[in-house]
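Colleague: Protein chains in written order, with the working numbering: chain Y, 5 to 117; chain G, 148 to 261.
Misleading hints may appear alongside valid ones.
[As the list claims (entries may be wrong)] Here are the simulated BS3-like cross-link-like pairs (lysine-lysine), alpha carbons at most 27 Å apart as the crow flies:
(1) Lys161/G - Lys46/Y
(2) Lys230/G - Lys46/Y
(3) Lys218/G - Lys204/G
(4) Lys156/G - Lys104/Y
(5) Lys204/G - Lys6/Y
(6) Lys156/G - Lys204/G
(7) Lys104/Y - Lys6/Y
(8) Lys204/G - Lys161/G
(9) Lys217/G - Lys156/G
(10) Lys6/Y - Lys60/Y
(11) Lys218/G - Lys104/Y
(12) Lys204/G - Lys104/Y
(13) Lys217/G - Lys104/Y
[Claimed, not checked] Residues from chain G that keep clear of chain Y, each with C-beta distances beyond 12 Å, as calculated:
(14) Gln164
(15) Val166
(16) Pro222
(17) Thr233
Hints listed in this document are in silico derivations from the structure and should not be mistaken for laboratory results. Backbone N, C-alpha and C fix where the C-beta goes; we use that ideal spot for every residue, glycine too.
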Amino acid sequence: QKEVEQNSGPLSVPEGAIASLNCTYSDRGSQSFFWYRQYSGKSPELIMFIYSNGDKEDGRFTAQLNKASQYVSLLIRDSQPSDSATYLCAVTPLNTGFQKLVFGTGTRLLVSP
Amino acid sequence: DGGITQSPKYLFRKEGQNVTLSCEQNLNHDAMYWYRQDPGQGLRLIYYSQIVNDFQKGDIAEGYSVSREKKESFPLTVTSAQKNPTAFYLCASSIGGTANTEAFFGQGTRLTVV
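Isolated chain G, as found in the complex:
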């Protein structure tokens, strides 16, 4: 089945630790996105990538890093520089290349700092 897979579903991070959230898609989509959602809030864009080996900062990129070495994969690292990382993280993908393409989401990773 085609889709977007995020793992893990739940993640706990200690203060000062870096953690990496996985996002894999088998939809042959060019574009991939990472969003953060806080309780009662909308989605805020962290990073996005339109093609392999290229990505751009979104609106809240500080304290995060990404890579796009393969078309299928777009992992997000939450670094210790991110002071308030507790949130629901959502990965999405779309065909890309044009504005008229809808994005589909993975099931999300809920990150909690302990």
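Extracted from the complex, chain Y is given alone in its bound form:
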């Protein structure tokens, strides 16, 4: 079982719709959860982080964490073509002493005009 799993996609949504990106993790003791956006050929940039169960909103982005289900998601409201990118989920697992940042393989999002 991979430590962090994401559906590779592509996830296709029309402009203005809500995009829902999902991530599951294997280490129940994981403490910190991050979402990065990566445009083709570029380095990842941090979009959001979440540490506690529940929702965290920042502009058009909402991160949702459910530690009991070992599940973290990212919602993008009013999706724009400029949101088309690969979204990487990252986790700091307990079994590494929280010293490692482990990434999923990413979900490619395509927003069509």
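Let chain Y serve as the given structure and place chain G on it in line with the hints.
Modeller: Showing chain G alone in chain Y's frame:
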């Protein structure tokens, strides 16, 4: 401006050659990381360091070496023992010391074996 600087942006290596990728940060971060990304793949951890003069192997350390002599610098050497080094290399840093710190990335170095 604070940030993480990787150099060079593009690097070409001949078979059997060692090359060193530079990573410098002026964010006063304790922790630094090296990742490798292959086309269509996620990021795989090569090495990481939480403090100066200390570093640990990540998941794919074979064929790579690092040093952490200064807080600001974490160079990665790709040795001839790395049989398939062509990839996008990413350096990151975080405040460290606790799990709840986000990591920030440099612009990456694209290494190609010729």
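Colleague: Taking the earlier hints as the rules, which of them does this structure contradict?
Modeller: When the structure is compared with the hints, none of them turns out to be violated.
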